[in-house]
Each structure stands twice: as structure tokens, then as C-alpha cells.
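K.L.:
Put the two chains together into one complex; each comes in its own frame, and the hints tell you how they fit.
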Amino acid sequence: MYGLGVLKGMGVTLKHFVETYIEDLKYLGKGKRSVEAFTVRQGLRGKSLGLFTVEYPEEKIAVPERFRFVPFLVINNLDDPDLPGADWCTSCGICAKVCPPQCIWIVRGTDPETGRPKPAPEAFYIDIDICMNCGYCAEFCPFDAIKMDHDYELASYDRIGEHIFDKKKLSKEFRYYRSLYPTLSAEEAEARGGWEHKDVLKAKAKAEKAQSAGAPAQPGR
Amino acid sequence: MADKPVTEQTAVADPITQVVAVLKERFPEAVQADERKGFSGIVVDPRSLVDVATVVRDELGFDYLSSATAVDYLGKGDYFEMVYHAYRIRQGGPALVIKARTPRDKATLPSLIGVWPGVDFQEREAWDLMGIRFEGHPNLKRILMWEGFAGHPMRKDWKEAYYEQDNKPFDSRWPGGQVSRAEEHNPYGKNVAYPEDFTLDGFTPVGEAANYTGLNMGVDITELSSPGLRTDRLIVNLGPHHPSTHGVFRMIVSLNGETVEQLEPMMGYLHRNHEKIGERNTFLQNMPFTDRLDYICSMSNNLGYAQAVEKLMALGPRFQPPTYRAEVIRVLMVELTRIVNHLWAIGFLLNDLGAFFTPALYAIAQRELILDFFEATAGSRLMCNYMRFGGVSRDLPEKILGIPLLANDLIRDENTMDFLTNLITERLPQAVDELDNYLSGSEIIINRCRGVGILPPEMAIAYSMAGPVLRASGVPYDVRRAEPYSIYADLDFDVAVRYNGDIYDRYLIRIDEMRESIRILKQLLPLLDETRGQDIQAGTKAYSPRVPEGESYGRVENPKGELGFYVVSDGGQNPWRYHVRAPSFINLTALGEMCKGHKVADIVAILGSIDIVLGETDR
Chain F
1 MYGLGVLKGM GVTLKHFVET YIEDLKYLGK GKRSVEAFTV RQGLRGKSLG
51 LFTVEYPEEK IAVPERFRFV PFLVINNLDD PDLPGADWCT SCGICAKVCP
101 PQCIWIVRGT DPETGRPKPA PEAFYIDIDI CMNCGYCAEF CPFDAIKMDH
151 DYELASYDRI GEHIFDKKKL SKEFRYYRSL YPTLSAEEAE ARGGWEHKDV
201 LKAKAKAEKA QSAGAPAQPG R
Chain A
1001 MADKPVTEQT AVADPITQVV AVLKERFPEA VQADERKGFS GIVVDPRSLV
1051 DVATVVRDEL GFDYLSSATA VDYLGKGDYF EMVYHAYRIR QGGPALVIKA
1101 RTPRDKATLP SLIGVWPGVD FQEREAWDLM GIRFEGHPNL KRILMWEGFA
1151 GHPMRKDWKE AYYEQDNKPF DSRWPGGQVS RAEEHNPYGK NVAYPEDFTL
1201 DGFTPVGEAA NYTGLNMGVD ITELSSPGLR TDRLIVNLGP HHPSTHGVFR
1251 MIVSLNGETV EQLEPMMGYL HRNHEKIGER NTFLQNMPFT DRLDYICSMS
1301 NNLGYAQAVE KLMALGPRFQ PPTYRAEVIR VLMVELTRIV NHLWAIGFLL
1351 NDLGAFFTPA LYAIAQRELI LDFFEATAGS RLMCNYMRFG GVSRDLPEKI
1401 LGIPLLANDL IRDENTMDFL TNLITERLPQ AVDELDNYLS GSEIIINRCR
1451 GVGILPPEMA IAYSMAGPVL RASGVPYDVR RAEPYSIYAD LDFDVAVRYN
1501 GDIYDRYLIR IDEMRESIRI LKQLLPLLDE TRGQDIQAGT KAYSPRVPEG
1551 ESYGRVENPK GELGFYVVSD GGQNPWRYHV RAPSFINLTA LGEMCKGHKV
1601 ADIVAILGSI DIVLGETDR
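Taken in sequence, the protein lines are chains F and A. Heads up: the first sequence at position 14 corresponds to 14 in our numbering, and the numbers run straight through without jumps. In our numbering, each residue carries its 1-based index in the second sequence increased by 1000.
For reference, chain A alone in the conformation it holds in the complex (with noise of 0.2 Å):
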């Protein structure tokens, strides 16, 4: 309906529009805008793929990759394209799209860890999921799968163990449904595929040996004749079966007496292909996934997923942005989320720490009142599959009611509003000051934490960290004032940051934080009683909402830092595309930097310091 004021608003205002086009006097040949409808963003040649990112860095500005990942266009074009989005991460604002192509067959692309090393495990996992092989990467194995896995499962010609069918819904479950269990047609050891020369009895997985070799491990015999005292290299495994993991996570450390020399982070446990499960499900089935990614934070995972569709959408007539109420309600889940998983985050720190459990429940106690909340709102307490695209599915109950059916059930009845601000603006802000006084002057923490784990500010934007990480390095990047969304933009609050960017200002920058969300809430408030009887829900709720062809890219500030889903829609039913940027899983490709020259006992505080959950990071 507005084709013009969106033209004269792109000619204007859109930064990206003047990159791309600098960058096409500046290399006419090999950079060409992506022109496809509803894509945006650069096609580069991949010859000059390197020298056009450096030109974009250093001298656009562009210097935070925010996502790399590798799209298959089988059948539309037969080509594999590999998707970053960079942004500049002082002046904030929004990304550039750099793609590169290469064929299927021999999918080779220059590595770009160069120009930006948080790209080091997204590369890998492009060549994992997707089987693209990235010269100059100095360590290109697999990071998901395991190690003598064979093919590459992000493929669209590549098939699951109980595959059934390309798309959801399948045909077998109506009108014809006859219950089967999947096992039952794809026995345990017939449903799956070996190599043609595959034979058992000689296989040895070359992995195991392969995760060691990069450590320089080995006896040195130099070191060996040296004078003094004599140390002994150890290699030392780290979980994956450990508490202090925080999961099923694995770090392969060399160590040097106590002293960490090298330590390779090693995931994909938890592994289970949730972005092929995307790729089967419709737009809608999606979101109850997401709840999975970070389990702790189930609510703005909703968010992320439900923008990034809501984007894509908005290429298409007939769609409607999500009501006011549906936005404040979004934002009131989201901000408590970032509560929720503060607590969590600082409780399992000291865990981490060795103050096993009783800070982690103080922590955790309000946090129980939170989830009460969703369980009521939402009807789940971790998996709350609360939002949807243009709203939010329910609107508040009146009541925090349950009935009592069991026997020994006992009746709570409180009216929702009262207890929101009851919650909000006195047992939070208790909570929040509690703990500070609790912990944040202890001598003990302050030993631990203060000076460990340094993290400076330039290697926290050239590894791509994200949220209360980043931070706490001095770098105030928050995407809710960087790209605001939702109603941030009306929001008053500030960008909290540290500057010493150890493990002790990342303890510090959470307590912020959750000051900082209390006082969101607080403007929230009022707005949840002025929207009182509006819609939550944009137009009609539809099962399967129609999804314009193209990509977009939606990234929300999740409490462990910036998380974004990559979706590309070819007007079908299902996404075409669908990838996960989980702040988790970047966030770990510093943490070798981050321990080296610190001793054993530190790696578990640094790692618990990031605040990673496994469900995400290993997808």
C-alpha cells in the first residue's frame, strides 16, 4: 500500500543501501546486490570474499559478525550459499548481508577466520551440518557430530534415521491413522546408511585421536634436557559427564603442572539436529522447539523465532504487526525471563565456585514465583510455547488460580495484577539486593573471580561475543538500543557495562542487568493496565500462516546474549531454511583464550562465568 514513502525511506535513511553501493564501485566485478525478492544483502564472488570482508571491517565498520551459516538451494539452483551477517557495533543499526556461493559438488569457500575469528565454530559447523570445506581454517573438523559420522545432515538430500517424509504434517497421521511407532518400520540398525566401503570390523574413528592432535601434545625433547625443574604435559578431560559443565559439554585441556595450556571446547552430546527438525516442521511447529534451545529462557527464544517469522511475513499483503498489548505483554515475559536466568546464572557461578547450592537457592527462590507466573499465563513453567506470529496466545488470566483436584492440592487464588506488582516492585528488587549483599563483597569471590578470565574488549568483538560477556569487557552493545525492537525504543533504561571484562565483572553485570530489567518491568506496569482488555493477537490466528518467499533475520537480546534465527521461506509451508544463532555455542569460542595460563580449577569458573546452556549450544 506505501511503496513510495518505503522507497524514498530506503534512498534516505537505509545505511545499507549506501554500503552496498560503495562496495559495488569498489569491486565491480565481484560484488553484485542479492536481487532476488524478499533477499537483501551482497553476492560476492568467492575469490574476492576475503578481500571484501576486509574492505567491510575495516573500512565500513562492519566489525562484529554476528551469524555465518550455510543455506542448500537443491533444486533452486543447485547451489550451497553461505550467509553472514555482519554489523558495526558502535554505531549499532542493521546488518550487512554478505553471501557467497559455490556448488554443491565441490563446496569450497575461503575461510574468513581472518578478518573475524568468532566465524572459527560456525564455519565448523558449516562444514559439519552442511559438508562446505573452508580453506585456511586452521582446525576444520566436526563440531556436532561425531567424529566418525558420515555425511553431512544439513543437506536437503540427506535423510534421519526415521525419516518419514520431507514435510510436516505427514500423510500417514489422518484421515488414515493407524498408530505406528517409528521404530517399527526403521528397525534399531537397519535405518541407517553406511559408507559403500564400510566394513565394522575395520573401522578405528579416526576422530578420537584427530580431537588430540591439535593440541601439541607429545613430549618435547628440548623441554626435556632443559635445566630446572621439570613439569610434565597432562592431558586432561573435562566432563562431558561433569557438573560442573553445566551439561554434557567436553573441554580437552593440556595442562602444564595446574597451568592450562590449550583448551579445545568439544559439544554436540545434546546434539540433535534441531535445525533439519525446523526444516520438517511448519512455520507454527517451530515454536514450541525454540522452548528447547535455552530451556532457561524458553520465553524470549519465543520472541526471537516469532520476529524473525514476522519479518519474513511482512513482506506479504494482508499482514498485521502485533498489537500494543501483545508487545507490552512480550516484553514483560522477555525482562522477567532476563531475571530468571540471571539468578540461575549467578547461583551456578558460585556453584562453580565451590558455594555449592545454598547461594544458588537464595538465587533461585524468587525465581520460582516467576515461573508460577508463566505456568499460569502460559501453562507451562519452562516450556512455555507463549508467543506467536502477531501476538502472544493467551492474554494474562485474571486469576493465579489452580483448583484443587488431587487429593492434598491446596487452592492458590491471587489476582494476577497484584501479584505482578507485588513481584515487581518489592520481592525482585529484595531478591536482586540480597544477593548483592550476600556475594558481591565476599573476599572469597572477589579472589576467585577478580583478574581471572580477562576478556578484552577487541577480542570480545572479534570473537563474537554476545550479551553480559561482551559487556562486561567494556563493549555497551545491547540489541535492544543497537537495532531496538518490539517497544524497547519507548523503554527508558540503560545498557549496563563493566569494563574489567573478568569473571567477576560478568558476575556484577548480571546483578545490573536484573536492576536494570526491575526497572523495565516497573515501566511496564502501568502500560498493562492502560492496554487492559485489548487484543493480543494481530488479525486471525491461523495454523498455517502464509510466509512470503524470502529470508530474514530476526535477533532479540536472550539473557545469555544476542540470539537470532536465520529463516528463509520459499513460500511453501515450511521454511526453507532455518538456523539458530545461539549465543551459547559462540560465546565458546573464547573460552580457550579466556583459560589460557589460568590453573584447572578456573576453567570451571570461566566457563560457568559465560553462562552457557547445552541445549542450545549443541542444538
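Excised from the complex, chain F in its bound form (with noise of 0.2 Å):
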């Protein structure tokens, strides 16, 4: 019968219509927002026969873990034992050779006594609007020192002035990273041998050898 294929589409839609509902019938009592109906509505834990439409900002998707965004600095924890706020970065500049739109400028430090370059930056900044979150910067460099954040609400009413992100803007406590990826930081820290700083580490592995290189020789002595 003509007609009949129109029909038999306007049933998906009405079949679509009516899950809508019965799915939020479901969660009547927990409220919509609930955790559980949101992974449900998410379509990540059953099936969902609703919408999958998420009402930001009233609600966001939690990113994952690997989720990419403007890169981050990591410094030590401002509380830390050894080096409160120690940068991570040395300053070797592969996240700027690697960087496809080349939105990162490093200063290198020097030394003000000796004149000779020093591992630390002395100014570093990160012009985000150019910047295409590709993560190529987090990925390559050598120290573990630049993450790609997970804020993804950067807007603000002045390009010019706001935009430009300096050292102090990019620098962010190592715990902040922790939270951020516990995996990934979990396996380089097992790589480095440490959750510290590296230079903490460096001056450990130092004194463990000195240690062990100078037990064998006491008891010659």
C-alpha cells in the first residue's frame, strides 16, 4: 500500500518519543540529573532508549583521562619538602621544535653568575589561540614537565590581553597532575623511579651510591 513506508518511519519516531519518557519516568524519584541516570542517558552503562543530550553547563561530561586541552606546566608542590615550586622544565625546547603551529616561546635561563645556560626557563609562554590542543608538546617532552589541562572554559572578553598564557598562568602543582591523570603519572613516575622531582631523585640515586659504593669499602679500612 502506498504510504505504508511513511507510516512504518513515523513509528520509529513515535517508539523514540515514547522511550524519551519512559526513560525519564524511571528515574522519577532519583531526579534526572542523578548520577545514575546521566551514565544511563550517556549510553555508556545500558541501553539508553532516551535522548543522550547533555544539558551543559548545568551538567558536563567528565573528560577522560586523556583528554587534551591548552598545555599545562608542572612545578613541584608549593608545599613540598626538598623544592617547593621547582619547575619540572628545563628549558630544552622540544615542545617548541615540535609544535605544529609554534605557539610556544621559551626563554632560556641562564646562569647570572656564570653567564652559561641553566635547566630551568626563565620565561615560557603559550599563545593559546594559536595553539590546536594536538598534545604533541605533552607527548615528547623528555622531563614529564608539560600536560595538557582538562579546563576546557577558557573564554574571556580580552583576546589581546588575557590569551598569552605566562609561566605563572602555566604552572600548576604536580598534585594537580596526579588527579588529573593518575594513570599516566602512575607509569612515569614508575620510569623515573619516584613520585619526586627529578633533581630530588638524582640527589638520591647520588647518595644511594655513594652509600653503596662506600659500604663495601669500610670494612677494608
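Bear in mind the hints are in silico, worked out from the structure with no lab data behind them. Mixed in with the good hints there might be a few duds.
[Unchecked claim] Straight-line alpha carbon distances no greater than 20 Å define the calculated SDA-like cross-link-like pairs of lysine to any residue that follow: (1) A:K1399 x A:L1527; (2) A:K1276 x F:I130; (3) F:K15 x A:E1434; (4) A:K1541 x F:E188; (5) F:K15 x A:D1433.
P.N.:
Pasting the structure below:
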């Protein structure tokens, strides 16, 4: 019969329409925004019959660990016992070299006494208008010092003044990084041999080496 | 290491060597093999280019011209080289690469539009960007740049408005990287070079009028005096700002009443000279830029580019091909992308037909879950930047997990493999079935789509159409089968084909292809389990890989058609030439032919059935 196809299609629409309400009814007591309702609605657990819509900004989807947005610099925790607030960055420049839109600017640190380069940045800028969130800087940084942030709400009223992030604005404590990337930070810490700043680790390793080197020498004396 | 087997193989199995030998015998003076290290194919004397091309097409069977592009060898011989890649559509197999050279100062080549009509837009592009004049081309005008533009931007000596340095990384960034904005150095108005005799007062853009001259407009006296009902010819600009054009795409249509007499696509409104940026970039830096071509299918763009560069790297020593797990993950991503794209294409085709957004939203609901998976794996929903040379950037995560940080954040915690299995075995098949159920039988859709925008198979091949558009015309050509890459040779799937070549078949073939993709994905699930824990990157990941001298053309079957990357390396850090054979761009070549004789409202549907993305069309 002519028109049957259209009716069949409208049946699908009707099914969707009804299912949306069934879904809502299920969570009537618990509230539409409860964790349970939200995960089902997002379709990740069980089958969501209704809509996938997230009512931003009241609701937000938690971003996964690997989510990447404008980078930040990792610094030691400010209450760190050894090196509070120390940079992890050594200003080696790999992030600036690998950056596809070339939005990273680094002034390499110099020792004021000797005038030779020292492994810490004097200034570090990222032009976030130009950053394309590709994540190369974080991927290729050999010191785990630059990482991608999860905070994606960066809109501001002033393009010229606000959108070049300097070192102060970019620096975030290590514990923040660890909370964003529990899996990755653990992997990296394992590869480095500890959770501490690399200088601390180096000093520790040196001390251990001295101790172990010293230990067998002791009895001979 | 294995010099001998390779030569044996080329002598016995390589059909291209035979073809080159045949051509050299046939045209002893005009045809030479390209002997440069890392290069292949033949170099043809421009004077006999058309003859050679005709023989190649008619007698040797290379009837499908995939790509035509120009390379500027400034300082390396000072000539332009036009590079054509022709394929056999029935047998499949590798390309015959035809090259023709012309001096830089008087760049002229004969047009091949009579041999392969699909070269139309690509020759116009070469004229526009490189400044090679094609003799015999009926409509040689700019295609991507605007009509008043002076110069040819892909020439090596052309510099962009915010030019800083020939190659990245820029020296100003490190170690003395005092930040500045490009527009501070080159303020607007001072950052462009005008032709010497240029005055703003006397300037009238020649192009705008020229856009219409090709369309046989104007009043025809004989017709005015003819008896019967008189209709007016009318020029209508469709777009560039119109939702039905899927972006900023413009069509100039000449109408007789409501019937289309001629249609000319105009593009370039989203042009950003992707290829010039690509030449400034290092090889690795291009990867995230490829995401921005066809921004719906960033994963498959990544794959195409990665394969093109891997082919080049394979010419050098110490190259390790991608690991098996990396290949499995790549195919997984690419096939999921195909489903994403086809859901999107069908949804928006329905939008174009007037079924506003209800089918589109049903179609893209499951897409959301695929994007969630991309985000958890690659870090971004659309701009995935996931593939690397020799592998992929990260392995699949253990869990699709988000940590609540912001107020109102809610936890999502799901094992990745469970999630994928559920998605592939249940949700996606159901979604495709529902869509099929919902739309395929609808009389409205059948009436609007059947018999509209017919593209016969011969014309589809001649116009270098690719992807679902080509296969809906009855040409079962799929790069995954014709020249298998990655692990496609080991996978069991069919090439979907439909025979009517109208909008309805182009819609149906997308449903078919999604089903085939699901079939592939189901085969990948056990492979993913088997290879769990294996390396996803061959060798060490370098930020500036060594790419030896040579050329390569990497092509993949993108959801929209054949996506090709022609990359030339001079052994440095940056590609000497980086060209994208964009399916959305070349598929538009036949749009005018397909729309002829149909009503205005059908243009929108026909365009929707080609499925273009302007990020890729305009580059």
C-alpha cells in the first residue's frame, strides 16, 4: 500500500518519542541529574532509550584522562619539603620545536653568575589562541614537565591581554597533574623511579650510590 | 638487506615495470623512466603528453585518474613537474605515475581534460596555486583563491602574509623566545604585496563577472521570438552561506524556469593553503593538520598521511613497519570513523531533503558513543591526531574513565573492551537496522531520490569520482580491495556496490557500507584481545623522523572516497611537496553534470548525496 513506508518510519519516531518519557519516568524519584540517570542517558551503561543530550553548563560530561586541552607546566607542590614550587621544565626546547602551530615561546634560563645556560626556563609563553590542542608537547617532553590540561572553559573578554599565558599562569602543582592523570602519572613515576622532582631523585640516587660504593670499602679500612 | 628478492619481485610481478617498458618502446623519444632515487613512473615530453595519456588510458587500461598535481623544483632543476597518478579500475593494482616538466618562467602544459575529464578541477588548482597554464582547458580560472588574487601561492618563492621562516621549527621560539604575535610584526594592510602597477582606485575584480561568462547567460534573441510559453533564464547564486551547502560552498546556477541548465561549483571560501602550511611544517607536525581536512573523519585522514610517509621512510634504512597491534587498532579506528561518517552523511542528506533534524539526530546518537571512545583513546573527539609513523600514539585505555573534577561532573567508568564489544555487536547493528527501517521504505524519500542525479558508470570513472558515489554507480572499486593496505587483505568483507547511480542508491550504499564495516569490526575484536599488551609503536618514536629522499603517494579508502597524500621529500626535516588528493573536492567535478535537467530543490539533495566536507574541499 502506498504510504506504508512513511507510516513505518513514523512508527520509529513514535517509539523514540515514547521511550524518552519512559526513561524519564524510571528516574522520577531520583532526579534526572542523578549519577545513575546520567550514565544511562549517556549510553555507557545499559541501553539508553531516550535522548543523549547533556544540558551544558548545568551538566557536564567528565572528560577522560587523555583528554587534551591547552597545556600547562608541572611544578613541584608548593608545600614540597625538598624543592617547593621547583620547575620540572629544563627549557630544552623540544616542545617548542615539535609544536605544529609554533605557539610555544621559551626563554632559556641563564645562570646569573657564570652566564651559561641552566636547565630552567626564564620565561615560558603559550599563545592559546594559536594552540591547536594536538598534545605533541606533552607527548614528546622527556621530563614530563608539560602536560595537557582538562579545563576547557577559557573564554575571556580580552583577546590581546588574556590569551598569552605566561609561566605564572601556566604553572600548576604536581598534585593537580596527578589528580588529572592517575594512570599516566603512575606510569611515568615508575619509569623515572619515584614521584619526586628529578633533582631530588638524582640526589637520592647519588647518595645511594655513594653509600653502596662506600659500604664495601668500609671493612677494608 | 634484501636487495635481490626485491629486484626479482619487480621483474616478475610488478605490472608497472612492464607498462613502462611498453611505453618506452612505443614512444622512444618522448617517454623516459624517472631514474631519480626514490622516484618512479615515467617522464613524458609535454609535446606528446596527450598521445601518451591516450595510449595509457585506451590500450593499457589505466582509465582512472586519481590525482594530478604540480611540484615546484625551485633550486633543484628549476622546473615545474606535473604528476599524474592513473589506475586500472577493473584490475586494481598500483598506479602508473606520469610526469611532465615545464620551465618555471613559461609554465605551459597541454590539458588532459580530453583524456581524463576528472582532471578538470585539479588542473585548475594547479593553475591557481602553481601557475601552470593548461592549453586546451575550457575553463581555466582560479578555483581556490579569489579572482583578484595576484600570484600563485604554492610556488616556493611565494611568501604568505605572516611569513616568518621557510621551515618550522622557527628560530625565534627557542632559546630566546620572547613572545610576540605575528600581526605585531606584519600589521594588517602592510602584510601584503600588490602587483607593481596596482592602484586601489582603478581596481575592479575581473573575476566576479568572469564567473558568469562561462554559463551562456544573456538573452537569446531567437528564443525570445519563438512562439509558445516564454520562460526567462535566471542566474541564481546558491550559497556560499546556506545551510544546504554543508559549509561555505557556492553554486552558480543558470535556470530555465525551475530547471537547471548549467551549474558551476565555486569553492575556496574555507581555503587556508593547507599544502603551503604542510610544506612549512615538519613531517610529524602535519599530522594534526590532516585532522582538519575532513574533520568528521580525522582518524582516516591520519592513516592516509601516516601511510604516505611510512612508504617514504621505507626507502631508507632502519625503518620498521607498524606493529600488528598498531595495524589492528588503526583499522578499528578507521572503520568506526566510516560508520560515524555515513551516519552523519545519511542524517544530513535527510536534512537536505527536508526531514529536518529528526533523522539526523537519530542517526548521530550512536556516533556519540564512538566519539566517546575516540576521546578516551586519542584525547579528542574530532581532532584525534592519533596515528604516528610506525604506530599509534597510545594504546587503548584500560577503562573509558573520567574523573569528576568540575562541579556537577559525573563519573563514567567502563571497561574499554566491554564497551567496544557492546558497541560493535549490539548498538551499531541496531542503529543501522533502525535507520534502514526508518528511512529506506519511505515513499517520500523514494520519490525524491530515485532517478535523480544519475551518474552512469563510464562518467563516474571518467570524472575520477571516488568512494560511495563511484560504487553507487555500479563500479565496485574500493582501495581496500584494489590495492590493499594495512591488514585489509586478511579481513573478510565485501565491496558494496549498487547499480542505478542515483541519490537513492547513494543512500543505500552507505547503509551497506556500514554493515560491511560492522562485519570488519567484529573480526577485529578477537584480534584486539589476542594482541593485548603488544607494542603499538615500531621502534622508538622520534619527533623528527628521518625521511629519505623520494616521492610517495599514500591513498586510503576514506569514507568519502579515495584520499591520497602525495609527499615529496628532499631528505630534510620538512616535506618538499605535500599534496592532498581530497575526495570531496574531486567528487564535485561531476556535480554540474549530475544536476543538469533537474529542479532547483534537487541540487541540494544531489549535493547532499555526494557528501562533501568543505574543510577538505577547500583545504
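K.L.:
If a hint holds in the structure, say so; if it does not, say that too.
P.N.:
Okay, the hints, checked on the actual structure:
1. A:K1399 x A:L1527: holds (18 Å)
2. A:K1276 x F:I130: Roughly 17 Å separates the two Cα atoms, so the pair holds.
3. F:K15 x A:E1434: holds (11 Å)
4. A:K1541 x F:E188: Holds, because 16 Å separates the two Cα atoms, which is no more than 20 Å.
5. F:K15 x A:D1433: holds (14 Å)
Comparing the model with each earlier hint shows no violations; every hint is respected.
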